[in-house]
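**Student:** Below, each chain spelled out in residue letters.
There are 2 protein chains.
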Amino acid sequence: MIIDCHGHYTTAPDAHTKWREEQLASGKAGTPAPLYPSISDDEIRETLEASQLRLIRERGTDLTLFSPRASAMAHHLGDPAISRVWAEQCNDLIRRVVDLYPDLYLGCCQLPQFPGSPISESIPELRRAIEDLGFVGVIFNLDPSGGYWTSPPLTDESWFPLYEALVELDVPAMIHPSSSANPAFHGTGDHYLNADTTAFMQLLRGDLFARFPTLRFLIPHGGGAVPYHWGLYRGLADMLDQPAIDGHLMHNVFFDTCVYHQRGIDLLCDIIPTKNILFGSEMVGAVRGIDPETGHYFDDTRRYIDAADLTGEAREAIYSGNVRTVFPRVDAHLAKRGM
Amino acid sequence: MIIDCHGHYTTAPDAHTKWREEQLASGKAGTPAPLYPSISDDEIRETLEASQLRLIRERGTDLTLFSPRASAMAHHLGDPAISRVWAEQCNDLIRRVVDLYPDLYLGCCQLPQFPGSPISESIPELRRAIEDLGFVGVIFNLDPSGGYWTSPPLTDESWFPLYEALVELDVPAMIHPSSSANPAFHGTGDHYLNADTTAFMQLLRGDLFARFPTLRFLIPHGGGAVPYHWGLYRGLADMLDQPAIDGHLMHNVFFDTCVYHQRGIDLLCDIIPTKNILFGSEMVGAVRGIDPETGHYFDDTRRYIDAADLTGEAREAIYSGNVRTVFPRVDAHLAKRGM
Chain A
1 MIIDCHGHYT TAPDAHTKWR EEQLASGKAG TPAPLYPSIS DDEIRETLEA SQLRLIRERG
61 TDLTLFSPRA SAMAHHLGDP AISRVWAEQC NDLIRRVVDL YPDLYLGCCQ LPQFPGSPIS
121 ESIPELRRAI EDLGFVGVIF NLDPSGGYWT SPPLTDESWF PLYEALVELD VPAMIHPSSS
181 ANPAFHGTGD HYLNADTTAF MQLLRGDLFA RFPTLRFLIP HGGGAVPYHW GLYRGLADML
241 DQPAIDGHLM HNVFFDTCVY HQRGIDLLCD IIPTKNILFG SEMVGAVRGI DPETGHYFDD
301 TRRYIDAADL TGEAREAIYS GNVRTVFPRV DAHLAKRGM
Chain B
1001 MIIDCHGHYT TAPDAHTKWR EEQLASGKAG TPAPLYPSIS DDEIRETLEA SQLRLIRERG
1061 TDLTLFSPRA SAMAHHLGDP AISRVWAEQC NDLIRRVVDL YPDLYLGCCQ LPQFPGSPIS
1121 ESIPELRRAI EDLGFVGVIF NLDPSGGYWT SPPLTDESWF PLYEALVELD VPAMIHPSSS
1181 ANPAFHGTGD HYLNADTTAF MQLLRGDLFA RFPTLRFLIP HGGGAVPYHW GLYRGLADML
1241 DQPAIDGHLM HNVFFDTCVY HQRGIDLLCD IIPTKNILFG SEMVGAVRGI DPETGHYFDD
1301 TRRYIDAADL TGEAREAIYS GNVRTVFPRV DAHLAKRGM
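Protein chains in written order, with the working numbering: chain A, 1 to 339; chain B, 1001 to 1339.
Careful: at least some of the hints might be erroneous.
[Unchecked claim] For each label pair, taking beta carbons as the anchor points, the in silico distance ranges come out as:
#	chain 1	residue 1	chain 2	residue 2	range
1	B	Gly1030	A	Arg288	38 to 44 Å
2	A	Val167	B	Pro1292	47 to 53 Å
3	A	Thr311	B	Ser1117	52 to 58 Å
4	A	Pro37	B	Ser1117	45 to 51 Å
5	B	Pro1080	A	Ala50	53 to 59 Å
6	A	Arg128	B	Asp1270	45 to 51 Å
7	A	Leu35	B	Pro1273	52 to 58 Å
8	A	Asp207	B	Ala1029	35 to 41 Å
9	B	Ser1026	A	Arg128	37 to 43 Å
10	B	Pro1292	A	Glu313	37 to 43 Å
11	A	Glu46	B	Thr1325	50 to 56 Å
12	A	Lys18	B	Ser1026	55 to 61 Å
[Stated by the list, open to error] Which chain B residues stay away from chain A? Per the calculated CB distances, all over 10 Å, these:
#	residue
13	Pro1013
14	Gln1023
15	Leu1193
16	Arg1205
17	Val1259
18	Ile1271
19	Asp1299
Hint data in this document are derived by calculation from the structure and do not stem from the laboratory.
For every residue, glycine included, the Cβ atom is placed at its ideal position computed from N, Cα and C.
The shape of chain A in the complex, shown without the other chains (with noise of 0.2 Å):
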């Protein structure tokens, strides 16, 4: 079984796209937003049945975890309201996913985080996602400036009111910024990479996990920078009188597959313990293409592991073990379907 921990609605119909940027134009112009409009269960369909559904058939993914487009959450654009309905909407939008293809997709919410605004104020939101629309899981930002980067360490006590719901929810969240609205960052070319270093070094820095013991951070994109690094973190560890990382930081932080090159792969596997890796694609994502060295997409993450060198149980837990580990619903939600 195959299961995708990391796949974004990027195909989103283009009246919801385009409902957004009415949206922030009516709050900029401060008249209210327009209603939401009405999107059909064959618009869904067609956004995702040439695009994500091929790609998940032609792969053999069981099962996607599915949040909305990263890029598009935008914390950084409207006010707290703006960002709140949105949220909800994106959200909703999710769960029509998950209602018209239940064995193909689990969701993940987005939080109505906005730059300054107070974390808790994010978290009616991820109850009724969780509680309500059935989510098994949540993206949170890091970083909802935009690249200004004016939020504190993840280590700050400004943001325990979400572990705090994380603990009690029992459900792990991915950190994952948004687009940039600093011209000095591309998105997912380095925005996304440096948060994922950050936030790495951020708990690193700190001692999180004594205080939130079942805390669980999904790191996206491989880690960013940091298996590569390894040694540098272990060394910093060392040299700032940080615990080992191994007993500080590896039963609490996992980080995804989504490194879109054999060698990459490789790395990843070779040095992160195998119970941190969890499969995860990002399709449809950062780089659509195909890779004119190998024939095949760059994304279609599952050939590198299929050829990495992992005995067949470490494969099957980066497959779907280690999800069904670290996101207790999407287990539960299997176990129900007899999975």
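Following the hints, position chain B against chain A.
**Tutor:** Only chain B this time, still in chain A's reference frame:
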């Protein structure tokens, strides 16, 4: 022959560091800075003999390109005049090291950057360092704000005066940030790596080398996240309708080997063309300890290069040939010494 292209004077004399504090304090108080202290040759020797020079001898490095301590550049502190005087003092100190150990060190300069100040104000110090002090290279900061990322991308024409001077002087530049003033980041743990990744992506997005075909940049710390995500970058170049990386960037962009574990170096050597890899250690720097897994210093990058799957010719290119090509002034210096 082994040339380390990346060494900083991280063990500079206390009097030098203390003077910087006084300089900043008097800047704040609006009083003139105290006179720069008299530092004896013996004091300089002492700061190097027990650390850098001991390790250089142990590891068999023949020559190190030596620049001021990068984290202490702190371009975000003080004002443009303070930054100018600080750069001058730091560069003069490097010159004294080179004078004391002319066979072991060549100098690279720091620039008197300041957030928001035009880069043209840094050119006189660049010229002084290269033409008067006999330096062979320069480190410049793509984010003088110290982690707030307020500068335009490297491809923006506001940077062009620097590039024009570099081309005229035929000097390569290492793109190297300084310490982070932003609590979200840790200098060596993520800010440096993020800057490396971002520098590469800024260059990938643009077309700088069409305008400056002989400009050469060295991206330190093994290129941040870039080699690990090489598939992403190849795919993004395609997605963004940019030329393939090899022709677009790899005549002008080089990576050092400051990656502190074997498997990271193996990836670097496997993925990045040999001609684009320059030996470096950043010793004594981010990580000063001994890796309990190997019993050797984390930053003893020579061990990793020696153990990497490279031909003798490739290893020789990484150890010295490429540095001589990228830094013509190093080559001229060695040629003059009959090497």
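**Student:** Please check whether the beta-carbon of Ile1271(B) is more than 10 Å away from every beta-carbon in chain A.
**Tutor:** 6 Å, violated
**Student:** Taking 47 to 53 Å as the hint, is the beta-carbon distance of Val167(A) and Pro1292(B) inside that range?
**Tutor:** 33 Å, violated
**Student:** How does the Cβ-Cβ distance of Ser1026(B) and Arg128(A) compare with 37 to 43 Å: does it lie in that range?
**Tutor:** With a Cβ separation near 57 Å, Ser1026(B) and Arg128(A) fall outside 37 to 43 Å, so the hint is violated.
**Student:** Far enough from chain A: is every CB of that chain over 10 Å from the CB of Gln1023(B)?
**Tutor:** It holds; Gln1023(B) is separated from chain A by about 27 Å at its closest Cβ, greater than 10 Å.
**Student:** Is it true that the C-beta distance of Asp207(A) to Ala1029(B) lies inside 35 to 41 Å, as the hint says?
**Tutor:** 38 Å, holds
**Student:** Within 45 to 51 Å: is that where the Cβ-Cβ distance between Arg128(A) and Asp1270(B) falls?
**Tutor:** 47 Å, holds
**Student:** 55 to 61 Å was suggested as the range; check whether the CB atoms of Lys18(A) and Ser1026(B) agree with it.
**Tutor:** 58 Å, holds
**Student:** Evaluate the condition: distance from the CB of Leu1193(B) to the nearest CB of chain A exceeds 10 Å.
**Tutor:** The claim is violated: Leu1193(B) sits with its nearest Cβ about 5 Å from chain A, within 10 Å.
**Student:** Given a hinted range of 52 to 58 Å, is it respected by the beta-carbon distance of Thr311(A) and Ser1117(B)?
**Tutor:** The hint (52 to 58 Å, Cβ to Cβ) holds, given that Thr311(A) and Ser1117(B) are roughly 57 Å apart.
**Student:** Does the Cβ pair Gly1030(B), Arg288(A) satisfy 38 to 44 Å?
**Tutor:** 57 Å, violated
**Student:** Non-interface claim for Val1259(B): all C-beta distances to chain A beyond 10 Å?
**Tutor:** 6 Å, violated
**Student:** Okay, Leu35(A) versus Pro1273(B) on CB: inside 52 to 58 Å?
**Tutor:** Distance hint for Leu35(A), Pro1273(B) holds at roughly 56 Å.
Checked against the numbered hints above, the structure violates hints 1, 2, 9, 10, 15, 16, 17, 18 and 19; every other hint is satisfied.
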